[in-house]
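**Q** Once you have looked at the hints, place chain B on chain Y.
Listed in order, the protein sequences are those of chains Y and B. 1 is the number of the first residue of the first sequence in this note's numbering; add one for each residue after it. 1 is the number of the first residue of the second sequence in this note's numbering; add one for each residue after it.
Rather than coming from a laboratory, the hints here were simulated on the basis of the structure. Heads up, a few of these hints could be off.
Where chains are identical, the list cannot tell them apart; a pair therefore holds if satisfied intra-copy or between any two copies.
To be verified - Simulated crosslink set (PhoX-like; lysine-lysine; CA at most 25 Å straight-line):
#1 23 to 92
#2 116 to 267
#3 14 to 92
#4 267 to 199
There are 2 protein chains.
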Amino acid sequence: MDPLITSPANPSLKLARRLRERKVREQSGLFYVEGIRLVAEALAQGWSIEMLIIAPDRLSSEFAYQKVEAARARGIRVVEVSPRAFESLSLKENPQGIAAVIHQRWGSLSAVRPDKGELWIGLEAIQDPGNLGTILRTAEAVGAQGVVLLEHTTDPYDPAAVRASMGAIFTQQLVRTSREVFLRWVAEHHPPLIGTSDKAAQDYHDFIYPEGLMLLMGSEREGLSPVYASLCQAMVAIPMVGRVDSLNVAVATAIVLYEIFNQRRRKGKLTSACKGEERIP
Amino acid sequence: MDPLITSPANPSLKLARRLRERKVREQSGLFYVEGIRLVAEALAQGWSIEMLIIAPDRLSSEFAYQKVEAARARGIRVVEVSPRAFESLSLKENPQGIAAVIHQRWGSLSAVRPDKGELWIGLEAIQDPGNLGTILRTAEAVGAQGVVLLEHTTDPYDPAAVRASMGAIFTQQLVRTSREVFLRWVAEHHPPLIGTSDKAAQDYHDFIYPEGLMLLMGSEREGLSPVYASLCQAMVAIPMVGRVDSLNVAVATAIVLYEIFNQRRRKGKLTSACKGEERIP
Numbered sequence: 001m002d003p004l005i006t007s008p009a010n011p012s013l014k015l016a017r018r019l020r021e022r023k024v025r026e027q028s029g030l031f032y033v034e035g036i037r038l039v040a041e042a043l044a045q046g047w048s049i050e051m052l053i054i055a056p057d058r059l060s061s062e063f064a065y066q067k068v069e070a071a072r073a074r075g076i077r078v079v080e081v082s083p084r085a086f087e088s089l090s091l092k093e094n095p096q097g098i099a100a101v102i103h104q105r106w107g108s109l110s111a112v113r114p115d116k117g118e119l120w121i122g123l124e125a126i127q128d129p130g131n132l133g134t135i136l137r138t139a140e141a142v143g144a145q146g147v148v149l150l151e152h153t154t155d156p157y158d159p160a161a162v163r164a165s166m167g168a169i170f171t172q173q174l175v176r177t178s179r180e181v182f183l184r185w186v187a188e189h190h191p192p193l194i195g196t197s198d199k200a201a202q203d204y205h206d207f208i209y210p211e212g213l214m215l216l217m218g219s220e221r222e223g224l225s226p227v228y229a230s231l232c233q234a235m236v237a238i239p240m241v242g243r244v245d246s247l248n249v250a251v252a253t254a255i256v257l258y259e260i261f262n263q264r265r266r267k268g269k270l271t272s273a274c275k276g277e278e279r280i281p
Numbered sequence: 001m002d003p004l005i006t007s008p009a010n011p012s013l014k015l016a017r018r019l020r021e022r023k024v025r026e027q028s029g030l031f032y033v034e035g036i037r038l039v040a041e042a043l044a045q046g047w048s049i050e051m052l053i054i055a056p057d058r059l060s061s062e063f064a065y066q067k068v069e070a071a072r073a074r075g076i077r078v079v080e081v082s083p084r085a086f087e088s089l090s091l092k093e094n095p096q097g098i099a100a101v102i103h104q105r106w107g108s109l110s111a112v113r114p115d116k117g118e119l120w121i122g123l124e125a126i127q128d129p130g131n132l133g134t135i136l137r138t139a140e141a142v143g144a145q146g147v148v149l150l151e152h153t154t155d156p157y158d159p160a161a162v163r164a165s166m167g168a169i170f171t172q173q174l175v176r177t178s179r180e181v182f183l184r185w186v187a188e189h190h191p192p193l194i195g196t197s198d199k200a201a202q203d204y205h206d207f208i209y210p211e212g213l214m215l216l217m218g219s220e221r222e223g224l225s226p227v228y229a230s231l232c233q234a235m236v237a238i239p240m241v242g243r244v245d246s247l248n249v250a251v252a253t254a255i256v257l258y259e260i261f262n263q264r265r266r267k268g269k270l271t272s273a274c275k276g277e278e279r280i281p
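Looking at chain Y on its own, in the form it has when it is part of the complex (with noise of 0.2 Å):
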């Protein structure tokens, strides 16, 4: 085993440290996360780990070691740090102790189906992290398959989105691509495609949406741009009483994926229902 590393300059220490540049995120591919709920989480997922980064001294549970040992098994390398030079790369106050490297991981968008029934969100120039993170955590709880970044859409794998996304980053599929081409993707495909604006007369709650499709969102100042809008099968608001003109884009697009989700799931239990009939005689 070698020598625990006490210096904040050895060079695993800078690399992990240096991740929280996008600079150097989008250089190398890899990202950094840090807790044992995430890191646990991206080795159930299988994700390609470049190191574990571990401060022995502050690891107190026996389900993190167990992680730390099958990982090793597996071959990952294990770096094994003093509390201090963890601290030196924590983003967090009283640190876990455990922290990985790990390989960034991009879908093609020839992949995005959702004229095959697939929920997908398409995010235009989102620029918060910790929006897009939420906006992951949302996706998967209403069983979307993933999030396609759209023009200057900040980085999922920012140390903020990771954390906000409470593990979703491991399990919603990320497709980043130009204008050009999606405009490609969506002459070939005809995917049904649905946005949002204030402006919209159609009223979310009201719209019964196709079985799969891409809910497109605008950034937080700006909304969905016309390029985009003119895409789309349908452009619904959420409506708003009182003095604010907007909400949050995070919340917008819950608002709008939990009604996509009803309406799967009354469809499903409607079924199932049915079903039930035709086996009465």
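**A** Only chain B this time, still in chain Y's reference frame:
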């Protein structure tokens, strides 16, 4: 007119900066807001403004100048500072050059009447000011009266909460109370309380919400504690599939609030439709 203040050590600027600390806000009963949108809303809603702070060299819009002149005419103190002095207190990059120090407003629990048809949100020990501000924003959008803060809930006058509220801080009523006072209030008024829990058997979407109610939401980590859950007429759950076992608290609040809002809207529509029928002979 006073000469332009150039020193960040000026007492007015010092006070504005110190309002970032909760302790200073509690002691002074003041809070700090920044940007023309929020300042204009505070003026429009008639809040008691201790002072406006402006950097004339940064104020570019005619709208902002009009608001400043209107405030001056109402006898509000306007402190003019240099761009650099303004930057010393600004929480933003490229600040708009207008901020205000405002007196906090707290309502009384005795005026909170969900039993009279009002919609309120009760929050137990919410930790994140961004979540609290986002909840205020959504509460305003669905026509709620306000938010009751229970236990050690974060401060709605925290700059991050004010910012996330997008102005709803000035229109939603805010009440904070101890557990004892809340229990006495419940015993006296028997308000319809509806709580949320991921363990509840009742689906939030199948439940018929009473005309007026207080929606009780628990903290990010712990959920609603038994003492509050036991007061509730019903506990509802938001169903989830996938690998996450909870939603962001601002998202969960929004999903239930929009269900309540949709039921109220439908009722309104039905009532109007029935009234219409009555008029047809």
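**Q** Please go over all the hints and tell whether each is borne out by the structure.
**A** A quick look at each hint next to the structure:
| no. | hint | verdict |
| --- | --- | --- |
| 1 | 23 to 92 | both (22 Å within a copy, 23 Å between copies) |
| 2 | 116 to 267 | within (17 Å within a copy, 36 Å between copies) |
| 3 | 14 to 92 | within (17 Å within a copy, 29 Å between copies) |
| 4 | 267 to 199 | between (29 Å within a copy, 24 Å between copies) |
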